[in-house]
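Input sequences plus hints: build the corresponding full structure.
Protein sequences, first through last, are from chains A and B.
Heads up: the first sequence at position 19 corresponds to 131 in this note's numbering, and the numbers run straight through without jumps.
Heads up: the second sequence at position 25 corresponds to 29 in this note's numbering, and the numbers run straight through without jumps.
No lab work stands behind these hints: they were computed from the structure.
Any given hint could turn out to be false.
Stated by the list, open to error - Below, in silico cross-link-like pairs of lysine-lysine (BS3-like), each with a Cα-Cα straight-line distance of 25 Å or less:
hint : chain 1 : residue 1 : chain 2 : residue 2
1    : B       : Lys69     : B       : Lys13
2    : B       : Lys13     : B       : Lys70
3    : B       : Lys13     : A       : Lys273
4    : A       : Lys315    : B       : Lys100
5    : B       : Lys122    : B       : Lys100
6    : B       : Lys177    : B       : Lys70
7    : B       : Lys70     : B       : Lys99
8    : B       : Lys70     : A       : Lys266
9    : B       : Lys70     : B       : Lys100
10   : B       : Lys212    : A       : Lys366
11   : B       : Lys212    : A       : Lys266
12   : B       : Lys177    : A       : Lys273
13   : A       : Lys273    : B       : Lys122
14   : B       : Lys177    : B       : Lys212
Claimed, not checked - A few chain A residues facing chain B, derived, Cβ under 10 Å:
hint : residue
15   : Val256
16   : His261
17   : Gly269
18   : Lys273
19   : Thr316
What the hints assert, rightly or not - Using C-beta positions, here's what the derived DEER-type ranges look like:
hint : chain 1 : residue 1 : chain 2 : residue 2 : range
20   : B       : Asp87     : A       : Ala199    : 38 to 46 Å
21   : B       : Arg202    : A       : Glu195    : 33 to 41 Å
22   : B       : Lys100    : A       : Leu359    : 36 to 44 Å
23   : B       : Thr155    : A       : Leu281    : 33 to 41 Å
Please read these numbers as outputs of a predicted model, since none were measured by experiment.
Virtual Cβ for every residue (Gly too), placed ideally from N, Cα, C.
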Amino acid sequence: MTSQLVLSLISGVFIAGSAAYLGTLMLSRRMAVVAGPLGHLALPGAALALVYGFSISLGAFPFVVLGILLIWLLEIRTKLQMEALTAIVFATGVAAAFLFLPIGKAEAALIGDISKVGVRETIASVILGAVVVIAVNRSYSRIVLISIHEDLAKTEGVNLKLYNLVYLLAIAIIVALGVDLVGGLMTAALVAIPAAAARNVSKTLVQYGLASTAFGVVSAIVGILSATFTSLPAGPLVILTSAVIFLITVPIAKV
Amino acid sequence: MSEILLEVKDLEVTLDGSPILSGLNFSVDEGEFLTILGPNGSGKTVLVKALLGLLPYHGELIWHKKPVIGYLPQGLNQMSVRDMPLTVKDFFALKKLDRDEILKYLSLVGLESGVLHKRAAHLSGGEFQRMLVAWVLASRPNVLFLDEPATAVDVAGGETIYSLLRNIWQERKLTIFIVTHDLNIVFAHSTHVLCLSRFGRRCYGAPKEILTPEVLSEVYGADVKFYTH
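As structure tokens, this is what we get:
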């Protein structure tokens with residue numbers, strides 16, 4: 113096994129695992145699809161990173177934060193449904209990216225390129241992935257309470273602003289990291305598919321979080337390994353693996 | 005004589021520029037079972053949210069003792085827990101309760117340990133509602149706010165919820181605020197009633213003294229048929 117493959121596997125496992133764990137909360141809050149437009153909004157940042165030769169995640173992060181603020185402000189100002197905003201933001205992110213992204217270089221930004229990940233990016237993925245998992249774990253029950261009923265959470269003493277901020281920051285980090293692994297087009301799948309599969313097979317909340325993380329990790333390993341054997345890009349293979357896992361869980365789904 | 009728990013002076017709540025409540029004055033003694041009664045749109049839920057500090061208001065709310073508040077909001081139903089694999093045990097674990105404590109509160113509302121590993125979304129409507137009551141009680145509140153706690157259950161289930169609350173209220177010396185538009189509940193269970201209406205007519209007092217047919221028709225703005233038991 114080459115050292116490049118080891119680096120790819122380590123970053124892939126941390127990114128996909130933490131994304132899948134966070135995904136269980138996003139699915140519970142019916143926000144899994146939000147990762148989609150955010151990933152698209154990350155594209156201009158990823159494009160800048162490619163043009164100037166720095167880390168895609170680093171370029172993506174400020175744009176994702178901007179995107180979260182944008183969606184949040186637009187929702188307050190216009191009271192439009194999340195799906196309408198999603199449609200607006202989706203295409204705008206892609207369009208803006210192509211203003212300065214040479215189409216020939218677009219592949220890495222669109223579908224990810226974990227196979228060339230460096231040592232520094234790997235270390236960053238490990239640290240940030242671990243931070244997200246710990247932060248999500250610590251705030252899990254409070255965020256679940258908020259998604260059940262905001263006023264209920266407030267009267268039980270949950271600091272809504274604090275936990276919403278933690279939650280949104282976690283999303284921003286995961287989307288930015290996710291662009292490295294699966295590109296801007298498929299970040300929603302990175303959080304949504306393992307969580308959806310886990311929901312099918314879990315009886316309890318703890319099982320839900322564990323199963324989702326496990327599915328995310330397995331998808332990353334299988335996707336990245338099969339990419340090296342087939343010389344197909346890893347991003348789509350990671351997502352396809354998780355889609356297969358999801359399909360396997362459908363017949364045994366607990367509804 | 006019981007002591008005053010809460011004084012409300014000149015309460016005014018405005019939502020999106022339109023006044024929902026204004027000039028509202030009343031006080032609640034410790035240990036009251038107060039029903040907040042009124043037709044849809046009269047501001048019952050808004051009043052509760054203002055009392056809980058969930059909405060901005062003008063005027064004064066004076067708590068003479070610091071309350072430990074339990075709240076069952078309107079619209080908290082099984083749809084809210086459908087999107088996740090949340091068992092009854094998980095739901096109580098959100099409050100960091102251990103198994104024995106959970107069972108204690110479940111038995112208080114007449115639920116058996118068998119429900120512990122059921123998904124909250126799979127309980128019957130009545131079981132779910134009783135579980136919520138147990139869940140709220142688990143924070144050991146001395147003041148309970150319940151907003152339409154029986155909307156999701158049938159008439160018999162609703163009656164069970166209200167008698168349950170009545171028993172718990174007696175045993176634990178709670179102060180209870182209940183929002184409803186069900187007149188029968190008022191006469192059967194509450195010590196006091198506060199009525200709100202869209203037409204500015206209000207009343208406050210013991211139900212049998214103040215809820216005359218005249219008052220009710222003014223509050224509801226139409227003929228209301230009801231019978232005292």
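Against the structure, the hints:
1. For the hint linking B:Lys69 to B:Lys13, the alpha-carbon distance of about 16 Å falls within 25 Å, and the restraint holds.
2. The straight-line distance between the Cα atoms of B:Lys13 and B:Lys70 is roughly 18 Å, inside the 25 Å bound, and the hint therefore holds.
3. A hinted pair counts as satisfied when its Cα atoms are at most 25 Å apart, and B:Lys13 with A:Lys273 does not qualify at roughly 30 Å.
4. Straight-line distance between C-alpha atoms of A:Lys315 and B:Lys100 comes to about 19 Å, which keeps the hinted pair within the 25 Å bound.
5. For the hint linking B:Lys122 to B:Lys100, the alpha-carbon distance of about 18 Å falls within 25 Å, and the restraint holds.
6. As the CA atoms of B:Lys177 and B:Lys70 are separated by approximately 16 Å, the hinted pair is consistent with the 25 Å bound.
7. Straight-line distance between C-alpha atoms of B:Lys70 and B:Lys99 comes to about 21 Å, which keeps the hinted pair within the 25 Å bound.
8. Using a Cα cut-off of 25 Å, the hinted pair B:Lys70 and A:Lys266 holds, with the two alpha carbons roughly 17 Å apart.
9. This hinted pair checks out: B:Lys70 and B:Lys100 have alpha carbons roughly 23 Å apart, not beyond 25 Å.
10. Taken as a hint, the B:Lys212 and A:Lys366 pair is broken in the structure, with Cα atoms around 51 Å apart against an allowance of 25 Å.
11. Taken as a hint, the B:Lys212 and A:Lys266 pair is broken in the structure, with Cα atoms around 36 Å apart against an allowance of 25 Å.
12. With a C-alpha separation of about 34 Å, the suggested pair B:Lys177 and A:Lys273 falls outside the 25 Å cut-off, and the hint is violated.
13. Restraint check for A:Lys273 and B:Lys122: not satisfied, since their Cα atoms lie roughly 32 Å apart, outside the 25 Å limit.
14. Between B:Lys177 and B:Lys212 the alpha-carbon distance is near 22 Å, which keeps this suggested pair within the 25 Å criterion.
15. The beta carbon of A:Val256 is positioned within 10 Å of a beta carbon in chain B (closest approach about 6 Å), and the interface hint is therefore held.
16. Satisfaction of the interface hint for A:His261 is found here, the shortest Cβ-Cβ separation to chain B being roughly 5 Å, below the 10 Å cut-off.
17. With 10 Å as the threshold, the beta carbon of A:Gly269 comes within range of chain B, its nearest partner Cβ sitting at about 9 Å, so the hint holds.
18. Proximity of A:Lys273 to chain B is violated relative to the hint, the smallest CB-CB distance being about 14 Å (cut-off 10 Å).
19. Proximity of A:Thr316 to chain B holds as hinted, the smallest CB-CB distance being about 5 Å (cut-off 10 Å).
20. Checked against the hint of 38 to 46 Å, the C-beta distance between B:Asp87 and A:Ala199 comes to roughly 22 Å, which is inconsistent with it.
21. Distance hint check for B:Arg202 and A:Glu195: the Cβ-Cβ separation is about 34 Å, which falls inside the suggested range of 33 to 41 Å.
22. As the Cβ distance of B:Lys100 to A:Leu359 is approximately 37 Å, the hint placing it in 36 to 44 Å holds.
23. Judged by the Cβ atoms, the range 33 to 41 Å given for B:Thr155 and A:Leu281 holds: they are separated by roughly 37 Å.
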